[in-house]
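Please put together the full structure from these sequences, using the hints given.
Protein chains: 2
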Amino acid sequence: MNIDIRSPLDMHLHLREGEMLARIAPLSSMSFAGGVIMPNLKEPVDTLEKVHGYRKAIEEQCNPDEFTPYMTAFFRCYSAAELQALRSAIIGIKLYPAGITTQSEAGVSDFSGIEETISVMEELQIPLLVHGESNGFVMDREKEFLKIYERLAKNFPKLHIIMEHITTADAVEFMDKYPNISATVTLHHLFITLDDVIGGLMEPDLFCKPIAKTPRDLGALQDAVLSGHPRVMFGSDSAPHPRQKKECCGCAAGIFSAPVALPMLADFFVKRGKPELLQGFVSDIACRRYRLTPVNRTIRLSQQSWRIPELYNGVKPFGAGCEIGWKLATEKN
Amino acid sequence: MNIDIRSPLDMHLHLREGEMLARIAPLSSMSFAGGVIMPNLKEPVDTLEKVHGYRKAIEEQCNPDEFTPYMTAFFRCYSAAELQALRSAIIGIKLYPAGITTQSEAGVSDFSGIEETISVMEELQIPLLVHGESNGFVMDREKEFLKIYERLAKNFPKLHIIMEHITTADAVEFMDKYPNISATVTLHHLFITLDDVIGGLMEPDLFCKPIAKTPRDLGALQDAVLSGHPRVMFGSDSAPHPRQKKECCGCAAGIFSAPVALPMLADFFVKRGKPELLQGFVSDIACRRYRLTPVNRTIRLSQQSWRIPELYNGVKPFGAGCEIGWKLATEKN
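Protein chains in written order, with the UniProt record's numbering: chain R, 1 to 333; chain V, 1 to 333.
Worth double-checking, as some hints may not be accurate.
[Unchecked claim] Sample of chain V residues facing chain R (criterion: CB under 10 angstroms; computed from the structure): (1) Gly136; (2) Asp140; (3) Leu194; (4) Leu201; (5) Met202; (6) Pro204; (7) Cys251; (8) Ala253.
[Unchecked claim] Partial selection, computed: residues in chain V whose CB lies under 10 angstroms from chain R: (9) Phe137; (10) Val138; (11) Met139; (12) Arg141; (13) Asp195; (14) Gly199; (15) Gly200; (16) Glu203; (17) Ala252.
Simulated from the structure, these hints should not be mistaken for laboratory data.
Virtual Cβ for every residue (Gly too), placed ideally from N, Cα, C.
This is the structure in structure tokens:
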């Protein structure tokens, strides 16, 4: 049996830069017709020139007829003229609280100073993508940030706000209060809890931000996705780190899932008896919410026992070594 | 200024075996007049012969006139005759739920089958030391285990039960309900929360079982200790791992703190304005609760800026590289 997915999209993707970009971008292009590219490079992507430069670097690695890099700009206080100029080059602007995750030092530390920029974004209909975590206790960060989401959603009712990589039952519940809120859910947050990260041995390969939460939170995310929630989209947050950064003492956050996302999602939706909802989760809902018309491309998944490789171009993927029931039809091994 | 501590005791200590025992036992002996020695060796210490053998191995590394190894046996269903024979050779019996931590596979999986052994222990006044965690969600394990503590405390009111290495406000609150319950608190659980383990980078050196909990839990532990709680004793749970086991993917739980415990505790109690409570926490309370008369030995701490070494005999200690205000008078560097 096969499942054909029309123009799958990864609505939250880290492609990095330089040599790592060259290694991993083609792996996203193999599975997806497009991806929302995060702007937290070593030097944040926060000018039109940098957006163009980064897009060009990505297009050198993936054929733009097959994979569209939906570019984002790194949130800062932009002038109206800057936003006007950026508008057609980006899909949205990504806001990071300062220092909250990998390469986010240039992010927002004073949320009272951002309203002018956001007001112009609302006017110009530029979506706001948010890493929504406070700097509080690690298990409470997402919940504590909800009050900021609430203020934004209320004050800017025509602004499309995307709660990126949600991890809690609280976030799922919250998003239903405001129709201008969407959310992305990652692959790994549909599978793991904090138990998998530190409940047995400590597992650097499952360390990510936001951290995976409780069994109740996992259940709420799965339920939202398996109900076909009309504002919940797939965004892998796939984020490679070289091996040595994941294994040495004091390791970095990030899970690399781009090349395994579609097969694992097919396995998940089929096992839960909801294969018909996969197309919506990985494409249609995003197209509706963002008003996108992606590259017309079909990705075929085959129902076939497949052992996930230990490494893709030197990066360990989520689920490495596990056997699942689906694979990309184009997957070699 | 100096603080002299009379016969400091570490009421929860892992000395391992073989080459690691030789490396670390002298470091406990430098600071402490005695320690309660955990029995979870590769082959559990669960016969009188093994208790004698392990004590002998320890005494080859530490002069028994200076450091008393208070031996424990690994809990299993013992006959009355076995317990009678063990009685004078041990300070107590340590119960591990099966598989709950390092080398605990031989622990208890069925708590309904243990009452007969425990009943004889009560009769013979052999204390029961417990690693009190369920096999549930990592942040709830200690709380979930309280119902087992409750059953034991109620059913065996003359049994001295020690809740080892408590980490939660719930445990602190619970212990006040039963006068036959004591608790140990580690060094690291007076200093860290889950934030330190996974809130920034992932820190294998702070990975331990039970895992460090929330800021509220930390506060409750500190309050219990700084109130001079008459049933709360110091037990380091110092547990060395060779470097490669802490740094590679999927790392083991355990924090090595024996050689730094007294200086860090002095720093803690002095900074909190309670230096007079240190003697009780690290010795007197344990002597009262266990009815011990330890080796008469005084350990002097000097108020002096001291940078904690990166390694002690190849093992990284808790607080490595930090500067604190106290050191052992005998510390070389």
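Does Cys251/V hold up as a contact with chain R if the rule is Cβ-Cβ below 10 angstroms? 5 angstroms, holds
Using the nearest Cβ pair, does Asp140/V come within less than 10 angstroms of chain R? Where the cut-off is 10 angstroms and the nearest Cβ of chain R is about 8 angstroms from Asp140/V, the hint holds.
Going by Cβ atoms only, is Gly200/V closer than 10 angstroms to chain R? Interface hint status for Gly200/V: holds (8 angstroms vs cutoff 10 angstroms).
Would you check whether Arg141/V satisfies its interface hint, that is, whether its CB is within less than 10 angstroms of any CB in chain R? 9 angstroms, holds
The hint names Met139/V as touching chain R; please verify it with the least Cβ-Cβ distance against 10 angstroms. Cβ of Met139/V sits 7 angstroms from chain R, so the hint holds.
Go through the hint on Val138/V and say holds or violated, using the shortest Cβ distance to chain R against 10 angstroms. 4 angstroms, holds
Closest C-beta approach of Met202/V to chain R relative to 10 angstroms, hint status: Cβ of Met202/V sits 4 angstroms from chain R, so the hint holds.
The hint names Gly136/V as touching chain R; please verify it with the least Cβ-Cβ distance against 10 angstroms. 9 angstroms, holds
Just to be careful: measuring from the Cβ of Pro204/V to every Cβ in chain R, is the smallest value less than 10 angstroms? 6 angstroms, holds
Taking the least C-beta to C-beta distance, is Gly199/V closer than 10 angstroms to chain R? 4 angstroms, holds
If you take the shortest Cβ to Cβ gap from Glu203/V to chain R, is it below 10 angstroms? Result: holds, 6 angstroms to nearest chain R Cβ.
Phe137/V was flagged as interface toward chain R. Is the shortest Cβ-Cβ separation under 10 angstroms? 6 angstroms, holds
The structure is consistent with each of the numbered hints, conforming to all of them.
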